[in-house]
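Each chain is listed here by its residues.
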Amino acid sequence: MRTLFPSIFSSIVAACILFCPSVLGAQPLTPVPIKQIAAPPSDMVSGLLTLPDPATIPVVSRSALVPVKALFNEGQWTWSMPISVQQRGARIALLPADIGAWSAKLTAPDQSSIPARLNAPPDKRVHIGTDALAWVAQDRDFTHLSIQPNNQGAWVLTITSDHEAAGFILIDSGPEIALSTHVTTLSTLQNQPITLESKFSNAVRLTSLTAEVTSPSGRIMTELAPAGASQVTFFPDEAGSHSVRMIAQGIDLQGEHIFRTTQHLIDAAQPAPLIKSPTVTTDDNHVFFAFAPTTTTRRTILAAEVWGRRDGVLTPVAWISTIVGSTRALTLDARWIALAEVDPGTLELRAVRLHDINSFVLLEIIDRIPVPIQRLTLPQAPDSITPDMLTGTFKQSVPSRLPPQITQSAGPGHRLMLIHGYCTDANPYPVSHFTGDLAVFEDFNQSRSHDEFALNLLAQSAPMKSFGVVAHSQGGIASLHLLNFYWSGLDWARGGNRLIQTVGSPYQGTALAGNAAVLGDIFGFGCGENESLSYSGSASWLSLIPSAPRQQVYYHTTSFEDGFGFDYCNIITDLLLSDPDDGVIERSAGQLPSANNMGHLEGWCHTTGMRDPAQCTDHARNSIMNQEAKR
Amino acid sequence: MKRLSASTAALLLTTTASAIDICVTPNTPIPDNGAEIAIPIFFIASDSENVSSINLEIIMTHDWVGDLLIKLRSPNGITITLLDQPGIPSAGFPGPFGCGGQDISCIFTDSAINQAETICSTTLTPVIAGPVIPAMPMDTFLAQPAAGLWQVLITDQSPYDTGTLLQACLSITTNIACPADITADGTLDFFDISAFLTAFSNNDPIADFTADGSFDFFDISAFLAEFSAGCP
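Which chain is which? The protein sequence lines are A and B, in order. 2 is the number of the first residue of the first sequence in this note's numbering; add one for each residue after it. 1371 is the number of the first residue of the second sequence in this note's numbering; add one for each residue after it.
Isolated chain A (complex conformation) (with noise of 0.2 Å):
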């Protein structure tokens, strides 16, 4: 399936729902159930929940993706750009941003002129297609073009307009070489300095190294790193998505001069009022710890790691976890005390940690707080960890605004939903595969953070008793939000196997989220942009998800089948995603530590209109979840 572009009324209608501040006001808070979640010492001791170097979750990039900046010279506008192509080929996307504005053609070394349109005589030496862009304007489709193996040289591309017409060349030639980049920090704060980092591979040196920086208002800074220096840092002072593209050059070993870029999209999020140490409470079986309230509703994500001492060893006892509003408190089931035998007397909070509930991005990290407990008497230690341990009992909520109802998707009873992704103008799964109850999830077109989404589900499954989730890319992701912070449907789930199954979710991210954020500078999104789904969001997310809700996730990722040739699902996403892909997640990136892998199947891509069939449409994995589901 392809998104369909909408037109400038039903954009208007599609902002207004999400952004009018009549309709925001129909929408009152709701106190929404929330879990008390809690993690065994096994998960804090695994680093499952512990926040990641952001060194180790670069964007890797082996393209550049270069701005085009026309020149006015006799009588039109004209950008050439010489391209050193290698023994293996290049690979050229061309993406203006008025469909039709570019005339293009390649000069080959020997000086003969190449064409670059579909109807242009046929040249064995390059091959010229189309493509979409996925989560870019993905109703239109870019010209691309590739030189063939074996015709190395200097190459050049110009681009001819009778208008000053912008846009992007993406680019990949020249040797097998990656950049990679990385924010050094993943609480990345308005009126905060925010540093990336770079470097190449195979031993290129970096001779230099510029950020553009967009900012959420549109306003552009570039910021150029000291001669040889591998970090650029930029100032945010407005809070809101910074799409950023670095652009580095280097020379190689043998003295080819080497230029990449890598594509970002960077939350400033608002910093949010300190938590400061809690007051502890007790009572016969829970320990409360009470941080700072603040006066405002804004939802955070507060967690923490409980220390104790066992015979003078420090201990770990529990993770703990929930989203927090105007009041800020955790709890510890004391039982978690008696299990680890540690002296309520040493008690320390650990890594308390505070996330923006949509970006993800950590607002702020207390290394330790001792919170010693002199006189406590504790319940006695259970045989094994109970699950309302792990979860809490129904008793707090916490006010949301629930999104806007649009659809109310089925009926009452216990069903099996079908949920799509991000960005998505359709249900991606033939109903006819799926038997029973069935449900299916729609809120098309829109860009949901993981939260935002999952209280759509909430809200779309209200109808319902109970569900299980059949899910596709960012709508698995968002089934195991809810499941984790929520309380819903899926607790309830009877029957069957599995509770949450899902195909193409990029739980670890996509680069495609920063260069969608890029592109779409010039495009304009269909649906907007994502932070929660950028590879620095997505590990801040996995750190907030223990095991025991990972364990309820059957996932399966795809990717083209790999043939002796040159292959891929979107010859444009190729060049943005480390191989193996499906179009739009790297299969890298679809893993989910601790949950039920079933598996990588070839010859399978992310949606409609990639090279090979849609992933969501294999009928046999379908009839398998079919039975499988809990519903």
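No lab work stands behind these hints, which were simulated from the structure alone. Yeah, the Cβ is synthetic: ideal placement off N, Cα and C, and Gly gets one too. Take the hints with a grain of salt, since some may be wrong.
[Claimed, not checked] To give a feel for the contact side, a few chain B residues facing chain A, derived at Cβ under 7 Å:
#1 Phe1467
#2 Thr1493
#3 Pro1575
[To be verified] Output of the computed footprint for chain A on chain B, the stretches with three or more beta carbons under 8 Å from beta carbons of chain A:
#4 1534-1541
#5 1560-1573
[Unchecked claim] Cβ pair distances, simulated, as ranges:
#6 B:Asp1574 / A:Thr283: 25 to 33 Å
#7 A:Thr280 / B:Asp1574: 46 to 54 Å
#8 A:Pro400 / B:Asn1403: 51 to 59 Å
#9 A:Thr436 / B:Thr1534: 25 to 33 Å
Given chain A's structure and the hints, the job is docking chain B onto it.
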């Protein structure tokens, strides 16, 4: 506490302060979103025996206990609600349909710690288990006649989920009614007369033997008649 089947219970005469369980095992399906079913339990006792304590054990399957309304009706028509679609209105349960847990194996008793309406969890089966406090107090039946037809009334109030009543055990302890035994010590003596006179002087309802709302010669006469007749 003795536990008897309904058939043997019919042969039994109750005695003072002894608890009798009468169990029925109807295996009755509960109509989904349907009409109320009434499960009869005959409690055999003398007309003078009143309830001094009571509880009801229910064992049933059901896929969604939040659908269920369970009541208990006494022989003289007093009805109390034991379980009223637990979780509705929501006390934090997922969704608007109340407790979605499965099966019940519990004893409704006022002396329990956990409330039947809120004991729900997403993980335990049976989800309502052990001693639980009913929605309305069982004490409502105290001092009411024990003998006769008791009824367990069950209604499934929401579609999609069904269940079966496997067993209901009514446990009643009785006191033998003896109005002249004012001190309730099982014997009729001077102290009962003294207590009556004190109550009479204080316009205590216990001294209103004619139950006409006034305290007069006829109450004294009625008391003396009961005293003379003795107790069973």
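These are the hints, each one checked on the structure:
1. Phe1467: Holds. Min distance 5 Å.
2. Thr1493: holds, 4 Å
3. Pro1575: Not OK, violated: proline 1575 (chain B) not within 7 Å of chain A, min 41 Å.
4. 1534-1541: Violated: only 0 residues of the stretch 1534-1541 of chain B have a Cβ under 8 Å from chain A.
5. 1560-1573: violated (count 0)
6. B:Asp1574 / A:Thr283: 25 to 33 Å: With Cβ atoms ~47 Å apart, the hint is violated.
7. A:Thr280 / B:Asp1574: 46 to 54 Å: Cβ of threonine 280 (chain A) to Cβ of aspartate 1574 (chain B): about 53 Å, so the range 46 to 54 Å holds.
8. A:Pro400 / B:Asn1403: 51 to 59 Å: violated, 33 Å
9. A:Thr436 / B:Thr1534: 25 to 33 Å: Holds, since threonine 436 (chain A) and threonine 1534 (chain B) (Cβ atoms, about 26 Å apart) stay within the stated range.
In this structure, the hints that do not hold are numbers 3, 4, 5, 6, 8, in rising order.
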